[in-house]
Every structure is written in structure tokens, then in C-alpha cells.
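Chain order of the listed sequences is A and B.
When we follow this note's numbering, the leftmost residue of the first sequence carries the number 1, and every step to the right adds one.
When we follow this note's numbering, the leftmost residue of the second sequence carries the number 1001, and every step to the right adds one.
In the EDC-like style, the derived pairs of lysine to aspartate or glutamate whose C-alpha atoms are separated by at most 16 angstroms in a straight line are: (1) Lys30(A) to Asp8(A); (2) Lys30(A) to Glu9(A); (3) Lys30(A) to Asp1032(B); (4) Lys165(A) to Asp1011(B); (5) Lys135(A) to Glu161(A); (6) Lys165(A) to Asp149(A).
In case anyone wonders, no lab produced these hints; they're calculated from the structure.
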Amino acid sequence: MAPTPPADEDTAAVRLVVAGDVAAFDGIVKRWQGRLVTLAWRFCRDRTMAEDMAQEAFVRAFRALHTFRGDAAFSTWLTAIAMNTYRSCLRGREPRGAALDLSRTPAGGSDPFTGLRDQERDELVRRAVLALPAKYREPLVLFYFQEMDLAETAHVLALPEGTVKARLSRGRDLLRQRAAKQFAGWNTRVSET
Amino acid sequence: MIREPDMDDLDRILANDETLVPSSGFAAGVMDVVRNAADEPPPLAFPWWRFIVGVLGCIVWSGAAISVLGQLDVRGPADPLAPIGLSGLSFAQWTLTIVIVTIAACGLRFLRHHR
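With the rest of the complex left out, here is chain B (with noise of 0.2 angstroms):
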């Protein structure tokens, strides 16, 4: 019979593990590819600048399409905001808040990728 072991066996057993030495050449195989690694060249920083800049093109563009379709002064058919306050906007003003919100979006989800 193989007795069961009880908790001060179970300390016993986990607190006595026995040591993995390490093969002949394992430090000089780390040390391979840690050179490696070290003449790889860095790598590329987000642009940033480049990320702005296009934000901004958006946002320049979308302001220039909203002032052109604001003039044509076209509503939806129904006014389903109305309940909640928000009917006095105009077609450019929702578009605009439309496109905000959704660059913010964007933006708040790249950041929380990237950070």
C-alpha cells in the first residue's frame, strides 16, 4: 500500500525539489543570441507625427465637407432625438459631434493598445 500523503508531507515534497543544472553550453548559446539581439536594429518608434498631422487632415477635411453639406441644409426625416433635448441640432452640427466622438473613439482605443 502507498500511503497518501497528509499537508506536512505535501510542504515536505514541494519544499524539496530537486536542482536542473543547466546544459555544458547553455550560457554561450544565450550569449549567441543575446549578440543577435543586440546588432538587430532597434525597433521603430510610432510616428507620431505623422499620426497627428493625419488627425488633424481628418478633421480639417471632415470641417470642410460639413460646411459645404451643412448649406444644403439637409434634415433627417424624423426628429428621433427629440425626447432627449438634442432636436435643435443641424445636420453639420451632428455630423461633427458624429465625427469627433469617433475619432476620440479611435484614438482612446490606439492609445490603450499602445500604452
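If we strip away everything but chain A, and leave its shape as in the complex, we get (with noise of 0.2 angstroms):
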């Protein structure tokens, strides 16, 4: 994950933008593009399509930059805009499931998933994340993947942290249960072969 921008930067650029210099946006643009992009693609795994999210946080926040007060921290207060962005980009999108490309797992060998090395295995279980419900997919990217504490994830989704706690405790039991049902269902095909 790329360290944080200094706070001290934004809030000026802030302060600029707002005085009507659009210019200074570049300066929140270039320093927040990484973990915005980065965000998005974690809901959707698709980097046109995380780009294209971005881009319309970005947006939104330089709409909406007047509205920042300061009291919470310029990360939280993007992340939050961010995240209200993609959520109505997702709405009435299919999830794009836990499907695994078997086209990635290098060929050769009598058995085809002898190439399924721990990576794909990893790469298998955070694309799961995305078929998880929203309201357990949503604090497990921010949590972990965002490495937001818990303060910060309640803040950003607008939850108490004792909610946020408990969604990512299920979030964190259903996601278990379901790569423990699709390892066991692939490792039974794999046997059969």
C-alpha cells in the first residue's frame, strides 16, 4: 500500500481549489490517483472500470470540496466520497464472483490444477470478497485491503465500530465457509481426473 499523502498538503490544496485556483487539485489528484484507483479495483477487479470509478470520486469531491470542514482527517473524508461513488457505479452490477481463470495456471503437467499455487489460491479468495454482500464486503476491503484501523472504517462508512466490528467478523466467517466449499469441490474434481 502507498504511504498516506501528508495531511498538511491536501488541506492547503483544499483552501486553494476552494479560493478558485482548479489547479491545485492536480496536486490531490497526483497524490490520492493510487489508493483511489486502488480502491476501486478492489470492488471490481477491472482496471478500466476502476479507472473510470476514480475518475467520477474525483469529480465529485472537487464538487463537493467546499463542504470539507476539517473534521475529520482529508483521507477519511475522500475515502467516504469514494466509496458512496463506487457504491451507486456497482449498483445493480452482477458481482463479478469467484470465478477461477484456469487459463492463468501454467500449462503442462497430467493435472491441470498442479499449476494452482498459493498466488492463485490468494487471488481465488480476494476475488471471492467480491461476491460477499455489501454490507461485509465493504468494511473487509476497507479493513485490510485499505489497512484503515477501526475507527476510521466506522467513520468512513457512516457505522458504529462496534457494527463495523461484528460485519467484519461474519464477513471474515462467510468468506471462510465459501473458499472452504469451493476448494473442496475443486479438490474433488481434481481427484476424479
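Taking the hints as your guide, dock the two standalone chains into a single complex.
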């Protein structure tokens, strides 16, 4: 994960932009593009879509910049806007479930699954997160993938910390159960071949 | 055989996802869109004064209509609200009450929607 940009630079840029210096927003975009695109990608696993969603989030942030009062950290404020944007962009879309891309497994060998290394298993679990209900997926992505602490995750999602904690726990349980089911299915198929 | 991930594996896997580097022209593209957004005229503010004048006009008009109709002393064929003690209201009072309640309900809905 890229280091969090310094808050002072953001606060100064916000002041300039609100005063009419649109070019100052360029600094915010450059400092935050990696985190916002990565966050979007973690909800869709599609680069083009992730960049489109992140762009929309930046535009919404620009339009709402005058509402930033500094009560919360700029990172929290921006991430909350990004989350709302991604939520509305992804609304109505089928989750890109945990389909295993067999074309990525190395060719050769009698067992087609011999190339399924830990790395691929890990990727499969990450994709399985996308198939979780949104109320579990969002805390998991923010807490684990974005490395936010419980308080920050709760702030971004506008939920009490206890609720976030419960959803994280339930989300992990669901993920483990689903992963276990899938791996069991594959192992059966492998043993049959 | 593929080993099923346990909770520790899940924590490790979730915490170690890779980072996506944006395309080289991403920031420039965003700034183009932002500049276009900045050049757009600001959204029109809701015309509160016209709204208030309209509501007041409705009230005055309703009051005038009620006063005219009240002189006709029209009453309903029955008095269905007698059991709850509201049988004494005249037609004009009833109409005025209904108009006020309707306007208040519409106003509340509008305010909640535009808040």
C-alpha cells in the first residue's frame, strides 16, 4: 500500500481550490490517484472500470470540496466520497464472483491443477470478497485492503464501530465458509481426473 | 490437493493484496474533467421565495374559496366524526383544516426530499 500523503499538503490544496485555483486540485489527484484507483479496483477487479470510478470520485470530491471542514482527516473524507461513488457505480451490477481463471494456470503436466499455487489461491480468495454482500464486503476492503483502523473504517462507512467489528467478523466467517466449499469442490474434481 | 485457507490465511491474504498503479494519463484525464466541471455554471438554487409566495397564494385563494363556500352552509349528509367529538366543525372549518394539513404534509415531504 502506498504511504498516505501528508495531510498538510491536502489542506493547503483544498484552501486554494476553494478560493478558485482549480489547478491546485492536480496535487490532490496526483497524491491520491493510487489509493482511489486501487480501492475501486478492489471492488471490481477491472482496471478500466476502476479508473472510471476513481475519476468520478475525484470529480465528486472536487464539487464537494467546499464542504470539507477538516472535522475528519482529508483521507477519511475523500475515501467516504469514493465509497459512495463506487457504491452507486456498482449498484445493480452482478458481483464478479470467484470464478477461477484456468487460463492463468501454467500449462503442462498431467494434472491441470498442479499449477494452482498459493498465489492463485490467494487471488481466488480476494475475488471471493467481491461476491460477499456489500455490507460485509465494504468493511473488509477498507479494513484489510486499505489498511484502515476500525475507527476510520467506521467513520468512512458512517457506522458505529461495534457494527463494523461485527460485520468484519461475519464477513470473514462467510468468506472462509465459501472458500472452503469451493476448495472442497475443486479437490473432488481433481481427485476424479 | 489444495489446502483450504484457515482464518490466519484469510487475514494474511486480505492484508497482502497488490496495489494497482493508475495509467500514465489518468491524472491528466481527471484534471480535464475537473476543469470542465469547474467551467460549468453552478447549479440553480431552489427558488424559495417563489415557493413561499406560491404557498401563500394558495392559502389566500383557499381562504377566499372557503369563505364563499362557507356562506352556502353546505353540510355532509351524515356526521361520521361525531364519535370522536369533531362533529361541531362547519364545512368551512373542515375545508380549511384539510387544506392546511395537505399543505403541511406536502411541505414536509418537500423539505425532507431536498434537505
